[in-house]
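Chains as they are written, first to last, in our numbering: chain F, 26 to 608; chain R, 26 to 608.
Treat each hint with caution, since some may be false.
As the list claims (entries may be wrong) - Output of the computed footprint for chain F on chain R, the stretches with three or more beta carbons under 8 Å from beta carbons of chain F:
no. : region
1   : 455-462
2   : 538-550
What the hints assert, rightly or not - Straight line, CA to CA, 20 Å or less: simulated DMTMM-like cross-link-like pairs of lysine to aspartate or glutamate:
no. : chain 1 : residue 1 : chain 2 : residue 2
3   : R       : K171      : R       : E67
4   : R       : K341      : F       : D168
5   : F       : K71       : F       : E55
6   : R       : K481      : R       : E521
7   : F       : K442      : F       : D210
8   : F       : K341      : R       : E404
9   : F       : K481      : F       : E491
10  : F       : K71       : F       : E60
11  : R       : K204      : R       : E231
12  : R       : K341      : F       : E401
13  : F       : K177      : F       : D108
14  : F       : K481      : F       : E499
15  : F       : K481      : F       : D492
16  : F       : K177      : F       : D101
17  : R       : K341      : F       : E218
18  : F       : K177      : F       : D228
19  : F       : K171      : F       : E299
20  : R       : K442      : F       : D101
21  : F       : K341      : R       : D603
22  : F       : K171      : F       : D210
23  : R       : K71       : R       : D50
24  : R       : K276      : F       : D603
25  : F       : K477      : F       : E443
26  : R       : K177      : R       : E231
27  : F       : K341      : R       : E112
28  : F       : K442      : R       : E191
29  : R       : K510      : R       : D526
30  : R       : K477      : R       : E404
31  : F       : K71       : F       : D105
32  : F       : K276      : R       : E182
33  : R       : K171      : R       : E182
34  : F       : K477      : F       : E404
35  : R       : K341      : F       : E602
36  : F       : K341      : R       : E521
37  : R       : K341      : F       : E191
38  : F       : K341      : R       : E499
39  : R       : K481      : R       : D603
Honestly, the hints are just simulated from the structure, not real lab data.
Given the structure is predicted, the values throughout are model-derived calculations rather than measurements.
Note that the Cβ used here is the ideal one computed from N, Cα and C, for glycine as well.
2 protein chains.
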Amino acid sequence: MSGWTAPTRDTLFVLNDVLNITDCDLPGYESLDEETVQAVVEGMGKFCADVLAPLNPVADAQGCTRHDDGSVTTPDGFRDAYDQLVESGWNTLASPEEYGGQGMGHVLGTVLEEYMNSACAGFMMYPGIVGGATSTIISAGSDELKSTYVEKIVSGEWLATMALTEGHAGTDLGLMRTKAQPQDDGSYSISGEKIFISGGEHDLTENIIHLVLARVPDAPVGSRGISLFLVPKILPDGTRNSLSCASIEHKMGLNGSATCVMNFDGAKGWLLGEENGGLAAMFIMMNAARLAVGVQGLAHAEHSYQRAANYALERKQGRGMGKRANPDDAADSLLVHPDVRRMLMDGRAFAEGFRALVLWTALQIDRAHGAATQEERKETDALVSFLTPVIKAYGSDRGFETAVEMQQVLGGHGYVKEWGMEQIVRDARIAMIYEGANGVQAMDLAGRKLAKDGGKVAMRFAAMVEDDLGAAPEWLAGPMHAALKDTTAAAQWMLENAAQDPDNLGAASYAFMQMIGVVAVGWMWVRMVQAVDGREDEFATAKRITARHYAQRTLPQTSALRARVEAGAENLMALPEDAFARA
Amino acid sequence: MSGWTAPTRDTLFVLNDVLNITDCDLPGYESLDEETVQAVVEGMGKFCADVLAPLNPVADAQGCTRHDDGSVTTPDGFRDAYDQLVESGWNTLASPEEYGGQGMGHVLGTVLEEYMNSACAGFMMYPGIVGGATSTIISAGSDELKSTYVEKIVSGEWLATMALTEGHAGTDLGLMRTKAQPQDDGSYSISGEKIFISGGEHDLTENIIHLVLARVPDAPVGSRGISLFLVPKILPDGTRNSLSCASIEHKMGLNGSATCVMNFDGAKGWLLGEENGGLAAMFIMMNAARLAVGVQGLAHAEHSYQRAANYALERKQGRGMGKRANPDDAADSLLVHPDVRRMLMDGRAFAEGFRALVLWTALQIDRAHGAATQEERKETDALVSFLTPVIKAYGSDRGFETAVEMQQVLGGHGYVKEWGMEQIVRDARIAMIYEGANGVQAMDLAGRKLAKDGGKVAMRFAAMVEDDLGAAPEWLAGPMHAALKDTTAAAQWMLENAAQDPDNLGAASYAFMQMIGVVAVGWMWVRMVQAVDGREDEFATAKRITARHYAQRTLPQTSALRARVEAGAENLMALPEDAFARA
Chain F
26 MSGWTAPTRD TLFVLNDVLN ITDCDLPGYE SLDEETVQAV VEGMGKFCAD VLAPLNPVAD
86 AQGCTRHDDG SVTTPDGFRD AYDQLVESGW NTLASPEEYG GQGMGHVLGT VLEEYMNSAC
146 AGFMMYPGIV GGATSTIISA GSDELKSTYV EKIVSGEWLA TMALTEGHAG TDLGLMRTKA
206 QPQDDGSYSI SGEKIFISGG EHDLTENIIH LVLARVPDAP VGSRGISLFL VPKILPDGTR
266 NSLSCASIEH KMGLNGSATC VMNFDGAKGW LLGEENGGLA AMFIMMNAAR LAVGVQGLAH
326 AEHSYQRAAN YALERKQGRG MGKRANPDDA ADSLLVHPDV RRMLMDGRAF AEGFRALVLW
386 TALQIDRAHG AATQEERKET DALVSFLTPV IKAYGSDRGF ETAVEMQQVL GGHGYVKEWG
446 MEQIVRDARI AMIYEGANGV QAMDLAGRKL AKDGGKVAMR FAAMVEDDLG AAPEWLAGPM
506 HAALKDTTAA AQWMLENAAQ DPDNLGAASY AFMQMIGVVA VGWMWVRMVQ AVDGREDEFA
566 TAKRITARHY AQRTLPQTSA LRARVEAGAE NLMALPEDAF ARA
Chain R
26 MSGWTAPTRD TLFVLNDVLN ITDCDLPGYE SLDEETVQAV VEGMGKFCAD VLAPLNPVAD
86 AQGCTRHDDG SVTTPDGFRD AYDQLVESGW NTLASPEEYG GQGMGHVLGT VLEEYMNSAC
146 AGFMMYPGIV GGATSTIISA GSDELKSTYV EKIVSGEWLA TMALTEGHAG TDLGLMRTKA
206 QPQDDGSYSI SGEKIFISGG EHDLTENIIH LVLARVPDAP VGSRGISLFL VPKILPDGTR
266 NSLSCASIEH KMGLNGSATC VMNFDGAKGW LLGEENGGLA AMFIMMNAAR LAVGVQGLAH
326 AEHSYQRAAN YALERKQGRG MGKRANPDDA ADSLLVHPDV RRMLMDGRAF AEGFRALVLW
386 TALQIDRAHG AATQEERKET DALVSFLTPV IKAYGSDRGF ETAVEMQQVL GGHGYVKEWG
446 MEQIVRDARI AMIYEGANGV QAMDLAGRKL AKDGGKVAMR FAAMVEDDLG AAPEWLAGPM
506 HAALKDTTAA AQWMLENAAQ DPDNLGAASY AFMQMIGVVA VGWMWVRMVQ AVDGREDEFA
566 TAKRITARHY AQRTLPQTSA LRARVEAGAE NLMALPEDAF ARA
């Protein structure tokens with residue numbers, strides 16, 4: 026069965042016809058014409074299909090190995106593929122020119138992220154952190170740190186990690202115990218144990234730059250007392266720093282990625298940003314990582330969709346009961362069965378809609394940095410912040426659910442390793458958990474993004490969607506209006522009921538996050554339908570059919586979600602804690 | 026972290042207070058008093074917790090091994106546990122007394138099924154087929170077959186399989202190629218290859234009795250030309266039959282179960298039922314298997330709920346934002362977070378509600394066989410048939426989804442093997458696929474169970490639910506009425522629109538199956554709330570809180586599901602087949 030192909034036609038449609046990136050006057054977009062964009066997208070697709078995709082089953086079957094000396098070997102072929110990636114330069118596409126990058130902006134970088142994650146998600150975990158890590162060092166590091174580290178990370182000569190989590194405290198960074206003792210030379214001595222460190226140790230690059238959260242002496246308790254440090258595996262003088270990989274986790278999936286327990290044993294590190302200002306510095310990296318996780322959801326959805334669609338096309342089995350069967354063959358393709366189509370259309374509608382959403386958001390990130398006016402930059406940044414937890418959580422939820430639904434299309438073959446579907450499900454599952462579990466994202470949306478500014482950004486988002494509905498056909502505008510009405514009512518309910526009981530926000534948060542996700546993807550369908558307006562070719566027709574599927578079958582979910590929002594916290598909090606355990 | 030405990034208190038509540046099985050005048054229930062029921066339930070729970078639960082991680086890590094001679098070794102401890110099961114006699118509880126069983130009816134047998142599947146799902150796959158296989162042989166076999174095989178299968182001395190699927194045709198039995206050539210002695214010579222045969226070969230019993238679908242010469246094409254045969258591994262004269270395990274599958278999970286490719290190479294077999302009547306004979310077994318798969322969904326939900334609840338109780342992390350936080354500790358338990366409670370309450374509401382539903386259905390199966398009047402037997406049988414695909418599909422869907430949601434409660438630990446949660450997710454996934462993929466169940470419901478009798482059984486089901494709502498409190502009766510209204514409207518739409526385009530049934534089938542599932546579980550919550558009416562103890566209060574959670578957050582889903590039903594087939598079937606592939 027055919028595997029993954031880069032969906033270049035759909036990508037180019039979004040870039041050219043929906044986002045019009047070649048007409049965009051932001052920095053990094055001036056030099057882009059349709060020919061360049063096409064060459065870049067197709068080149069990246071070819072690299073991922075030829076070099077990375079063949080590694081995917083190997084990565085799963087073989088995983089990573091930690092040796093007694095603490096070194097870690099990645100799966101066969103990873104080192105060679107990484108060298109090819111660095112040589113190709115695709116990894117430097119979106120990095121700043123000042124540090125040796127190509128400065129092409131986030132949109133094309135996001136396309137590469139999708140393709141790499143579809144082709145081999147375990148491999149992508151190593152370079153996946155680079156953008157966030159370099160942004161953090163650039164914005165929070167001293168000139169010396171910048172000149173020593175950024176260029177080598179941008180080029181791919183070195184890789185980086187985020188070392189945040191500790192065993193006794195996952196999300197709760199305030200409970201952190203890792204210590205940072207100031208040294209006379211201005212550096213710090215870092216000691217503690219971090220867990221779940223992706224790429225904490227590996228054999229792809231000589232040096233690995235860890236960005237580590239720790240507490241300085243007498244730091245305030247809680248999350249206002251944590252600081253961020255740059256802690257290299259190899260020090261500038263070429264000696265080995267006092268840090269090591271103690272073990273690697275045995276996980277459900279994503280076996281190509283070495284998930285390490287890291288020991289810092291008086292390791293030398295340098296402060297990034299201010300003492301006790303680690304949370305702010307960390308969020309530069311974390312926001313990038315959250316968007317990247319949403320892109321992983323897209324990648325898993327697209328990859329699994331393609332395999333399921335190919336299977337359904339090739340598999341002749343059973344007989345349609347409807348007028349569309351083909352009585353001359355012994356059996357019809359699976360596509361005569363409406364319920365098989367339901368699953369495929371669900372996958373397709375999510376993947377295409379969410380692709381548009383993440384690429385649109387990538388463009389807004391560049392606008393937040395490069396727009397002409399301060400006001401536009403600020404407003405765009407607020408909008409990106411509002412959507413970031415939604416893209417992370419809704420994207421990874423739906424990415425996983427799509428992989429599960431696509432696995433279902435293959436029947437028993439979906440459950441057997443050799444067909445490759447069950448790996449996608451296992452690989453996709455972690456995206457709902459890491460970089461802040463999806464419930465934490467929902468709470469971020471409800472608390473920091475909705476309630477904190479009294480709903481202003483949320484209402485601006487709703488107004489932007491509303492503005493686009495005027496030009497939409499009624500079969501799409503009608504369900505979108507209804508979904509938007511449910512969503513604004515839900516937001517209103519949350520704002521009104523948060524004061525009386527703050528747990529009302531938490532109780533409503535997940536359903537609200539899903540509503541924004543449903544509406545945001547629907548909005549992108551509105552824009553895509555607009556982009557093919559007047560066209561009657563096959564591609565345009567398929568877009569309208571897929572949009573209608575979304576309108577008919579996904580948008581109506583908001584009514585049930587609104588009911589969940591309005592259910593409130595009282596009953597949710599009513600069961601005494603002990604009653605949760607079984608007698 | 027604590028693992029699984031038999032939920033005996035909840036089981037006994039359903040048996041005694043909801044179903045009143047000790048007052049039941051059906052055959053097999055006469056000798057039951059509350060003391061006996063309690064002793065049986067607790068005894069089974071203890072056996073499963075002590076003997077089976079410790080095998081679960083071993084089963085996953087070790088899996089089964091096929092040796093070069095075609096023999097298969099099950100994981101360490103399986104053989105010993107199986108011997109203990111046979112010695113305990115728990116496996117004979119629900120089997121007919123005529124063949125050495127204890128004749129206690131399906132309800133207690135279903136309790137055992139749940140507990141065994143929770144404790145070690147991979148182990149349960151071996152004895153799991155016994156009830157269906159013996160029913161099939163008893164109802165379709167000759168006296169000689171019955172006297173040779175049934176007692177030994179009932180006692181556990183021998184085990185059985187269902188050998189239906191072939192590689193080129195999963196659900197489509199009409200494409201079957203395995204041949205059965207009549208022999209002079211009245212037996213048949215069976216040749217062909219079957220795949221996905223659970224327990225096709227193993228080391229638990231000396232003999233394995235395969236129930237094999239095949240075609241006799243000149244059989245009509247399609248599913249009306251298949252016949253069912255009993256094909257033992259060891260023939261009555263002690264010689265080895267010509268069949269062997271060619272390989273075992275490498276699966277996503279359920280590694281304790283040997284999933285075999287079986288070669289029948291002129292194997293001797295005997296007809297069960299009539300030539301070309303295999304489908305009817307098979308469905309005796311298949312219906313039992315489908316209900317059993319629903320019970321697996323329950324088992325995975327309960328097991329994963331318990332682990333997540335225990336984790337949430339023990340894990341101190343983060344700080345509640347609401348008035349329920351405990352400021353004297355460094356951190357609160359996870360249960361101060363409304364969104365963590367949302368997940369746990371979802372799991373609890375499904376597990377408890379679905380437990381009541383499967384036990385209620387098990388009682389109806391006994392009523393369908395043993396009720397006083399022919400009319401009651403017939404009506405009950407039709408109701409069980411109507412609910413069978415729902416229990417299989419909705420139960421396995423929600424069982425898997427619950428396992429995924431409970432995995433989420435553990436954060437990163439949920440993704441790591443040592444915590445045991447990810448195994449439940451992997452083990453639970455297959456239930457949505459085997460014994461007829463859930464889409465096939467939905468089509469069975471829509472076509473054979475709803476449309477074929479013009480909606481009569483469906484309306485009788487709705488009337489039974491409606492009857493019970495009069496005594497329900499408004500907070501439950503209100504949402505139930507709304508859900509029931511959506512569901513009957515959906516059924517009406519399907520009946521009205523099936524003739525114009527039969528694909529309208531298929532297009533609506535999945536959402537309709539989900540609606541019946543949502544309503545049926547809600548109905549059980551109505552009955553459970555009724556059963557604790559007037560009680561103010563902790564258990565009764567917890568039931569009402571959990572019921573209210575279901576009413577607030579699950580019942581409102583029917584509006585979105587109704588919209589999917591009424592969306593119809595047209596747009597779903599509109600995309601040309603080729604357009605499903607990516608360019």
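ask   = Within a Cα-Cα threshold of 20 Å, do F/K171 and F/D210 meet the stated pairing?
value = 18 Å, holds
ask   = Given the hinted pair R/K341 and F/E602, is their alpha-carbon gap at most 20 Å?
value = Holds, at roughly 13 Å.
message = So if I understand the rule, the pair passes when the alpha-carbon distance is 20 Å or less; does F/K177 with F/D108 pass?
response = The hint holds at about 14 Å.
task = For the pair we were handed, R/K341 and F/E401, check the Cα-Cα distance against 20 Å.
result = Status violated; Cα separation ~42 Å.
Chain F covers the region 538-550 of chain R, three or more CB atoms within 8 Å, holds or violated = violated (count 0)
request  = For the pair we were handed, R/K510 and R/D526, check the Cα-Cα distance against 20 Å.
outcome  = The given pair, whose Cα atoms are some 24 Å apart, is violated under the 20 Å limit.
message = Hint check: F/K171 vs F/E299, CA-CA at most 20 Å. Holds or violated?
response = 16 Å, holds
query = Are F/K341 and R/E404 close enough, with their CA atoms no more than 20 Å apart?
reply = This hinted pair is violated, its Cα atoms lying about 38 Å apart.
Holds or violated: F/K177 to F/D101, with C-alpha atoms at most 20 Å apart = Not satisfied, since the Cα-Cα distance of roughly 24 Å exceeds 20 Å.
request  = Below or equal to 20 Å on CA atoms is what counts here, so check R/K71 against R/D50.
outcome  = Violated. R/K71 to R/D50 sits at ~29 Å, over the 20 Å cutoff.
message = Using C-beta distances, would you say chain F covers the region 455-462 of chain R, given that this needs three or more residues below 8 Å?
response = The restraint on the region 455-462 of chain R holds, since 5 of its residues have a Cβ under 8 Å from chain F and three suffice.
ask   = Is the Cα-Cα distance between F/K442 and F/D210 20 Å or less?
value = At roughly 54 Å apart (the allowed maximum being 20 Å), F/D210 and F/K442 break the hint.
When held up to the earlier numbered hints, the structure conflicts with 2, 3, 4, 5, 7, 8, 11, 12, 14, 16, 20, 23, 24, 25, 27, 29, 32, 36, 38 and 39 and fits the remainder.
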